[in-house]
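K.L.:
Chains as they are written, first to last, in my numbering: chain U, 1 to 423; chain S, 1 to 157.
It cannot be assumed that every hint is accurate.
One-sided and incomplete, this derived list gives chain U residues near chain S with beta-carbon spacing under 8 Å [unchecked claim]: (1) V118; (2) E136; (3) V152; (4) P213; (5) P215; (6) T219; (7) L254.
Now the stretches of chain S that chain U is said to cover, found in silico as 3 or more residues with beta-carbon under 8 Å [stated by the list, open to error]: (8) 3-12; (9) 79-88.
Simulated from the structure, these hints should not be mistaken for laboratory data. All C-beta atoms in this analysis are idealised placements derived from N, C-alpha and C, irrespective of residue type, glycine included.
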Amino acid sequence: MRDRRPYAGVRLPSPGPPLPTEPAFWRSPVRGVRFTAVLGLALLAGITLLFVTGLLSYAAYNPDLAAVNDKTPDKGWLGFYLFAWPTGPHWLYRMTQGIHVTLGIVLVPVLLAKLWSVAPKLFALPPARSAGHALERLSLLLLVGGALFEFVTGLLNIQLEYLFPGSFYPLHFYGAWVFFAAFLAHTCLKLPRALQVLRQGLPTGQDDELASPRPSEPTVSRRSALAVVGAGSLLLLATSAGRSFDGGLRRTALLTPRGGAEPASGPNGFQINKTAAKAGITPDVTGDPWRLTVVGPAGEIRLSRTELLAMRQHSASLPIACVEGWSTSDQWWRGVRLRDLAALAGFPDGPPGVLVASIQRSGPFRTVALRDNQVRDPRSLLALGVNGEDLSPDHGYPARVIVPAAPGVMNTKWVGRLTFGEL
Amino acid sequence: MTRLLRRWYGEGPLHLLLMVSSFALAGYAGVRLLDGDTLMILVWFVGAAFVHDLVLVPLYSVADRALRLPFARRPGAVNFVRVPLLMSGLLLLVWFPLITRHTERYEPASGMSPDRFLGNWLLITATLFAVSALRLILCTVRARRRSARNGRPSASH
Numbered sequence: 001m002r003d004r005r006p007y008a009g010v011r012l013p014s015p016g017p018p019l020p021t022e023p024a025f026w027r028s029p030v031r032g033v034r035f036t037a038v039l040g041l042a043l044l045a046g047i048t049l050l051f052v053t054g055l056l057s058y059a060a061y062n063p064d065l066a067a068v069n070d071k072t073p074d075k076g077w078l079g080f081y082l083f084a085w086p087t088g089p090h091w092l093y094r095m096t097q098g099i100h101v102t103l104g105i106v107l108v109p110v111l112l113a114k115l116w117s118v119a120p121k122l123f124a125l126p127p128a129r130s131a132g133h134a135l136e137r138l139s140l141l142l143l144v145g146g147a148l149f150e151f152v153t154g155l156l157n158i159q160l161e162y163l164f165p166g167s168f169y170p171l172h173f174y175g176a177w178v179f180f181a182a183f184l185a186h187t188c189l190k191l192p193r194a195l196q197v198l199r200q201g202l203p204t205g206q207d208d209e210l211a212s213p214r215p216s217e218p219t220v221s222r223r224s225a226l227a228v229v230g231a232g233s234l235l236l237l238a239t240s241a242g243r244s245f246d247g248g249l250r251r252t253a254l255l256t257p258r259g260g261a262e263p264a265s266g267p268n269g270f271q272i273n274k275t276a277a278k279a280g281i282t283p284d285v286t287g288d289p290w291r292l293t294v295v296g297p298a299g300e301i302r303l304s305r306t307e308l309l310a311m312r313q314h315s316a317s318l319p320i321a322c323v324e325g326w327s328t329s330d331q332w333w334r335g336v337r338l339r340d341l342a343a344l345a346g347f348p349d350g351p352p353g354v355l356v357a358s359i360q361r362s363g364p365f366r367t368v369a370l371r372d373n374q375v376r377d378p379r380s381l382l383a384l385g386v387n388g389e390d391l392s393p394d395h396g397y398p399a400r401v402i403v404p405a406a407p408g409v410m411n412t413k414w415v416g417r418l419t420f421g422e423l
Numbered sequence: 001m002t003r004l005l006r007r008w009y010g011e012g013p014l015h016l017l018l019m020v021s022s023f024a025l026a027g028y029a030g031v032r033l034l035d036g037d038t039l040m041i042l043v044w045f046v047g048a049a050f051v052h053d054l055v056l057v058p059l060y061s062v063a064d065r066a067l068r069l070p071f072a073r074r075p076g077a078v079n080f081v082r083v084p085l086l087m088s089g090l091l092l093l094v095w096f097p098l099i100t101r102h103t104e105r106y107e108p109a110s111g112m113s114p115d116r117f118l119g120n121w122l123l124i125t126a127t128l129f130a131v132s133a134l135r136l137i138l139c140t141v142r143a144r145r146r147s148a149r150n151g152r153p154s155a156s157h
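Modelling step: build the complete structure from the supplied sequences, incorporating the hints.
P.N.:
Structure follows, in structure tokens:
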């Protein structure tokens with residue numbers, strides 16, 4: 001490596017253009033600790049919210065309730081905080097998951113700008129000044145690799161592009177913990193300096209180690225550069241956020257999955273998680289021969305759709321909210337209460353949880369377990385109709401489950417069997 | 001003790017404790033993360049950092065440098081091209097599978113056509129550049145008026 005330090009007052013002539021390992025290689029006048037500190041604080045707030053809403057989404061599946069709900073059976077202590085996911089407010093999952101995914105999208109430019117702002121440090125020599133510095137750099141690999149891994153798997157998953165090596169749930173969940181371990185350490189090490197620099201500026205006599213030693217002519221101020229990052233976030237927000245609502249607002253989501261016009265018009269025209277055709281559901285399995293099997297201490301009871309319609313019907317206004325971040329406004333569902341079906345199965349009071357099985361032959365979550373608090377909520381229905389009409393095949397005809405505040409896939413469509421008590 | 005640590009480790013004791021606890025937690029989650037297609041998961045995790053730092057950053061740095069070349073006489077003017085290009089590129093990066101119609105599962109699952117994404121992206125790009133052009137015209141007109149009022153060329157302060 002060439003030595004470019006002032007030497008006895010004489011700068012040695014440079015034998016060529018500087019290498020990326022030399023500070024002089026990096027010429028953007030925008031880089032500097034203040035610029036990085038602002039982006040770092042934005043990420044600290046944003047990623048903390050991403051992590052919390054992510055943990056909530058994990059809990060919303062009730063993975064500790066039954067093996068069928070659990071895509072991460074070896075989670076160990078990482079599930080320490082799990083709790084019975086509540087049924088109210090009914091828009092709870094719609095809100096937490098909407099925030100998780102939309103915020104993730106919006107933070108992309110902030111993350112990229114933050115990584116760009118510290119790029120010179122990546123190439124700085126020597127690679128490690130000490131054992132401690134070496135450890136910290138290894139931790140940074142987990143931090144940067146982890147952040148990108150989480151953002152990339154998340155963005156691919158919501159676009160249904162499953163390129164990642166394995167199932168999304170364990171990859172995104174365990175990846176989040178690896179990332180968060182490094183994120184915590186990085187926050188502890190850097191936050192005091194970031195706050196100090198933003199409050200009081202650089203202490204006198206201290207070098208701005210991120211600023212270029214020979215900046216090129218400025219084309220944009222640091223403030224404007226931050227404004228551009230913010231504008232990128234706003235543009236992503238404006239073209240995404242609408243997909244958490246129906247109708248006109250959804251149309252504003254120009255560049256996001258499930259944005260634009262609804263898939264159809266009419267009472268059943270709202271968003272479909274998975275169409276009947278994709279799930280392999282054909283009219284011959286949902287027509288006259290279809291029966292709902294209800295299992296409990298009272299034995300095995302088989303009910304036709306006509307018999308279900310003859311039971312007492314109840315209504316509930318509830319949304320569909322997907323783990324992919326999109327959701328619908330409240331839809332007006334009508335059907336039989338899950339707790340009435342539990343009573344029929346032999347649990348007249350204090351119904352237990354239920355194992356809900358779809359007649360769908362393949363696909364994840366075609367059997368799910370609902371907890372007792374979900375069965376007991378009077379708004380939890382085996383719905384037969386929606387918005388004043390029979391369910392369409394795509395929305396689960398002949399019967400589907402709808403539970404307040406539960407993630408979309410927990411609301412099983414094309415239900416074939418309800419087993420109360422044994423999960 | 002602390003002095004010995006500083007000499008051999010290069011940082012204070014708090015740094016060491018922080019690193020050990022962070023790596024322990026990362027290790028606990030990491031063995032679970034890697035339980036599966038271990039090699040490919042490692043490639044994705046570590047590769048993400050390397051692809052970003054060694055491919056993406058150099059790529060857009062070189063692109064930006066090339067973009068600035070024609071604006072040598074008026075360096076600030078590059079932003080009228082740079083900003084809309086950056087915004088459009090950002091949207092393409094985030095929604096690449098949808099815009100390039102790469103995502104085959106989207107239509108069968110949702111019952112919605114993915115065809116609109118390419119068109120929408122192009123229209124948004126067109127709007128971004130049109131707005132930038134409008135701003136350039138406004139700035140130019142304003143600068144000309146100012147110089148006409150002062151009776152001398154602009155940018156003389």
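K.L.:
The structure should be examined with respect to each hint, and the outcome stated for every one.
P.N.:
Hint by hint, here is what the structure shows:
Residue-level restraint check for U/V118 is violated (minimum Cβ-Cβ distance to chain S is 10 Å; threshold 8 Å). Hint on U/E136 holds. Least Cβ distance to chain S is approximately 7 Å, under the 8 Å limit. Here the hint on U/V152 is kept, as its CB sits about 6 Å from the closest CB of chain S, short of 8 Å. Because the closest C-beta pair between U/P213 and chain S is about 17 Å apart, greater than 8 Å, the hint is violated.
With 8 Å as the threshold, the beta carbon of U/P215 stays out of range of chain S, its nearest partner Cβ sitting at about 12 Å, so the hint is violated. Evaluation of the U/T219 hint against chain S yields a held restraint, the C-beta minimum of about 5 Å falling below 8 Å. Restraint check, U/L254 versus chain S: the minimum CB separation of about 4 Å is within 8 Å; hint holds. Under a criterion of three residues with beta carbons nearer than 8 Å to beta carbons of chain U, the stated coverage of the stretch 3-12 of chain S is upheld, 4 such residues being counted.
Under the rule that three or more residues need a Cβ within less than 8 Å of chain U, the assignment of the stretch 79-88 of chain S holds, with 5 such residues.
Checked against the numbered hints above, the structure violates hints 1, 4 and 5; every other hint is satisfied.
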